[in-house]
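Protein chains in written order, with the UniProt record's numbering: chain A, 1 to 142; chain B, 1 to 156.
A portion of the hints provided could be inaccurate.
With a cut-off of at most 16 Å between alpha-carbon atoms, the simulated EDC-like pairs for lysine to aspartate or glutamate come out as follows [claimed, not checked]:
1) Lys124(B) / Asp108(A)
2) Lys89(B) / Glu136(B)
3) Lys81(A) / Glu4(A)
4) Lys124(B) / Asp115(A)
5) Lys124(B) / Asp50(B)
6) Lys89(B) / Asp43(B)
Just so you know, these hints were derived from the structure itself, not from any lab.
Every value quoted in this text rests on a predicted model; they were computed, and no experiment measured them.
Residues per chain are reported as follows:
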Amino acid sequence: MTQELAAALAAEEAAIYAYGVIGVRLTADDEVSRARAAEQEHRSRRDILVARLAELQASSPPAPAAYELPFEVTDREGALKLAVHVEDGVAQAWRVLLPVTADAERADALAHLTDSAVRATRWRRLAEVTPLTMAFPGRPVS
Amino acid sequence: MVLTGRVQIHSRRVFLGVVAAGSTALAGCGLFDDGPEPDPQPDPLQPLLDEALALAGAYDRVIVATPNLAARLTPLAEDHRAHATELTKLIGAAVASIAPSASAPAGPTDTTATLRKAEQAAQKTAVAACRAAPRERAALVGSIAACRATHAEALR
Numbered sequence: 001m002t003q004e005l006a007a008a009l010a011a012e013e014a015a016i017y018a019y020g021v022i023g024v025r026l027t028a029d030d031e032v033s034r035a036r037a038a039e040q041e042h043r044s045r046r047d048i049l050v051a052r053l054a055e056l057q058a059s060s061p062p063a064p065a066a067y068e069l070p071f072e073v074t075d076r077e078g079a080l081k082l083a084v085h086v087e088d089g090v091a092q093a094w095r096v097l098l099p100v101t102a103d104a105e106r107a108d109a110l111a112h113l114t115d116s117a118v119r120a121t122r123w124r125r126l127a128e129v130t131p132l133t134m135a136f137p138g139r140p141v142s
Numbered sequence: 001m002v003l004t005g006r007v008q009i010h011s012r013r014v015f016l017g018v019v020a021a022g023s024t025a026l027a028g029c030g031l032f033d034d035g036p037e038p039d040p041q042p043d044p045l046q047p048l049l050d051e052a053l054a055l056a057g058a059y060d061r062v063i064v065a066t067p068n069l070a071a072r073l074t075p076l077a078e079d080h081r082a083h084a085t086e087l088t089k090l091i092g093a094a095v096a097s098i099a100p101s102a103s104a105p106a107g108p109t110d111t112t113a114t115l116r117k118a119e120q121a122a123q124k125t126a127v128a129a130c131r132a133a134p135r136e137r138a139a140l141v142g143s144i145a146a147c148r149a150t151h152a153e154a155l156r
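From just these sequences and the hints, can you work out the full model?
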């Protein structure tokens, strides 16, 4: 399970980085505060994952100093697209934990998968992207 | 940044399933004939499948009653049909019909508000099912739970 937890940690680190980029390109107050709240949520999950990995005596690899973004982000449209991309990626990482966890730990993983899927839906609505939902959030798109 | 998940296939389980089916067939031959066989237990995911079909039908009825909601609601109905298809494959059940019902059966028509409530209730069912599911089913059922939550969000 440590491998899956480490992957979730990497996804959360990437999300934190991405929201820094996203925040710069948003101007509307409600969008900025949504981005901040999302970043905060990813930070607290990161902290929980670091603690959990330490508990399992697994090393958590340091986050890279910078990431290569999947596309250039120069405006609001790009920022919203990146937010959707990031939440989809985080949802995938938490979904992988479902088969390797049980009970409360699985419930937590599902809560995080769901939270990211719902967040992605909200960003799609702001970006006016349709459809707003996907049938299997977190399932890798081949 | 690009994250990929892995899908594990439990071929051993499938194999054991085949053996179990074989012994049931033997029992049917009268070799171990001690009375009628009990009704097979319904699959624990059957309620989830029933719910997916009921929700798809509920969306269809609203779309028939209020065609200008079609663009918004059709993708959500399609998600439920996709769930029904996957669950049917997993359970191995025969499904009456997953296709959209052209003639909506009579009954009280939902609104987006009642659909939202139904999605929230259905999400709870799926969360409980995910928690109880064996590992090879947990990811699929978890995605269905998350999807139902996104539907409630999309209906706001």
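Going through the hints against the structure:
1. Lys124(B) / Asp108(A): holds (14 Å)
2. Lys89(B) / Glu136(B): Cα-Cα ~14 Å, so holds.
3. Lys81(A) / Glu4(A): Violated, at roughly 26 Å.
4. Lys124(B) / Asp115(A): holds (14 Å)
5. Lys124(B) / Asp50(B): holds (14 Å)
6. Lys89(B) / Asp43(B): holds (12 Å)
Violated hint for the displayed structure: number 3, the only one.
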